[in-house]
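Asker: Protein chains in written order, with our numbering: chain W, 5 to 174; chain P, 36 to 340.
Worth double-checking, as some hints may not be accurate.
Within a straight-line C-alpha distance of at most 20 Å, the following computed SDA-like cross-link-like pairs (lysine to any residue) qualify [stated by the list, open to error]:
#1 P:LYS37 with P:TRP147
#2 P:LYS70 with W:ASP29
#3 P:LYS70 with W:ARG24
#4 P:LYS70 with W:GLU125
#5 P:LYS70 with W:ASP113
To be clear, the hints were calculated from the coordinates, so they are not data collected in a lab.
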Amino acid sequence: MDAEYVERAVRRIGHEIVERHAGADDVVLVGIHTRGVPLARRIAAAITSIEGTAVPVGELDIGLYRDDLSTRPTPRLARTHVPTDLAGRTAILVDDVLFTGRTIRAALDAVSDLGRPDRIELAVLVDRGHRQLPIRPDYVGKNLPTAPNQRVSVRVDAVDGEAGVWIEDE
Amino acid sequence: MKHLLSIDDVDADEIRSLLDLAEGFVEVLGRDVPKVPTLRGRTIALLFYENSTRTRLSFDRAAKALSADVLTFTTGGSSVSKGESLKDTALTLQAMGPDLMVVRHGAAGAPWRVAEWTGLPVVNAGDGAHQHPTQALLDVLTVRRHFGNVAGIRAAIVGDIRHSRVARSTAGALVALGASVTLVAPRTLLPVDLSGWGVSTADSLDEVLEDLDVVYLLRIQQERGGGDVFPSIAEYVGRFGLTRARAARLRPDAVVMHPGPMNRGVEIDPAVADGSRALVTQQVANGIAVRMAVLFRLLAGRVAP
């Protein structure tokens with residue numbers, strides 16, 4: 005998946021969001037740190053170019069909501085901020101890779117503490133399978149079959165200076 | 036980091052990283068639901084041998100905002116009045132299964148002993164006239180949030196330095212982060228030996244008043260003998276009190292801090308305490324965030340027993 009493919013996937017997700025919501029007036033995109041945040045900004049820009057409306061973009065650090073704090077080193081906290089009241093809106097969580105579903109489980113708790121959106125949906129650039137929780141995405145850039153021991157690495161311009169998706173064997 | 040016993044054990048990078056973490060908790064405390072599930076299932080024991088309302092409440096609030104459970108032991112009406120030793124009390128509390136102990140005691144060094152006896156992570160919440168590291172962290176967080184940085188800030192700590200664990204701790208943290216600190220006190224209330232502090236001293240507030248960004252006032256601690264070493268309160272106020280007239284001579288952007296409880300009319304004039312320069316309530320609010328950061332740093336990443 006090269007940079008162009010990522011760009012097309014982002015635009016398609018933008019179109020799907022606009023189609024499902026008949027516009028984007030009540031939509032808030034909430035990026036999950038680290039790479040979900042620039043992806044959310046790009047999806048928002050795609051929606052703006054399609055619809056002409058600006059979409060609020062929030063950012064979410066789920067470090068305080070993880071269920072594996074005892075086995076991972078102490079994380080740093082990134083900024084958590086949603087620029088608008090979530091009540092009455094659809095919050096679309098945005099992340100780079102959907103794998104076990106545990107990050108999204110944590111993000112659902114985190115976003116619920118920030119407000120009560122009418123709906124919560126999920127957009128991911130890559131769904132690599134191997135879910136451990138009953139979670140499914142609403143918008144997918146690409147389904148990527150992987151083995152559990154492979155690494156899927158998504159790079160985005162704003163964080164990594166390049167864009168694309170790579171699969172690496174451990 | 037296994038314990039937080041003295042601010043001197045925490046290097047400047049670690050202080051900065053705790054402050055960064057605390058900024059995240061300031062955001063959490065400002066939410067509609069100011070609580071996160073991070074330490075769910077963990078228990079924090081508060082072992083308080085000295086009267087303390089604000090520090091104990093602050094740790095309690097911090098632990099609960101992280102969803103930890105709290106066991107509180109205070110000396111009023113407890114087994115201490117029946118003669119139980121600190122060691123026996125600490126071991127009894129340990130047997131109830133806490134993951135961390137917060138200790139305040141009138142004797143310098145007591146939290147170190149509790150750490151040895153119990154093997155648990157220990158946070159020093161004030162030991163005698165020695166150390167109060169979370170106070171130091173909340174003070175530098177308050178300075179950093181107000182001015183944007185600590186390096187280059189000119190601060191004076193005024194009052195009973197000798198009997199003050201707050202002065203020892205807060206001066207250490209300010210100096211570690213690059214602030215310049217002047218201790219302002221009657222000679223009788225300065226420590227005998229200031230080598231290693233990295234601070235200067237002044238004999239009256241008027242000497243330094245106009246150069247300061249931060250005036251940090253301490254309470255005269257009658258209970259630690261601090262009331263017996265100068266002739267009268269009036270004389271103390273005359274040279275060291277932040278009166279309205281002195282406050283008017285401060286730089287326009289200078290701020291006033293105090294660890295509380297304040298003696299209004301002694302070290303601080305009531306109008307100054309209530310004025311726009313005073314960051315006292317911000318200090319209290321930041322104290323919760325800093326204590327959350329400390330509890331998080333000591334307990335997240337540890338395997339629950």
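Asker: Now tell me, hint by hint, if it's right for this structure.
Answerer: Right, here's what the structure says about each hint:
1. Restraint check: the Cα-Cα separation between LYS37 of chain P and TRP147 of chain P comes to about 12 Å, which is no more than 20 Å; the hinted pair holds.
2. A threshold of 20 Å between alpha carbons decides the hint, and for LYS70 of chain P with ASP29 of chain W the separation of about 30 Å lies outside it, so the pair is violated.
3. For the hint linking LYS70 of chain P to ARG24 of chain W, the alpha-carbon distance of about 34 Å lies beyond 20 Å, and the restraint is violated.
4. Annotation: proposed proximity of LYS70 of chain P to GLU125 of chain W is violated, straight-line Cα distance about 23 Å (limit 20 Å).
5. For the hint linking LYS70 of chain P to ASP113 of chain W, the alpha-carbon distance of about 11 Å falls within 20 Å, and the restraint holds.
The structure fails to meet hints 2, 3 and 4 from the earlier list, while all remaining hints are met.
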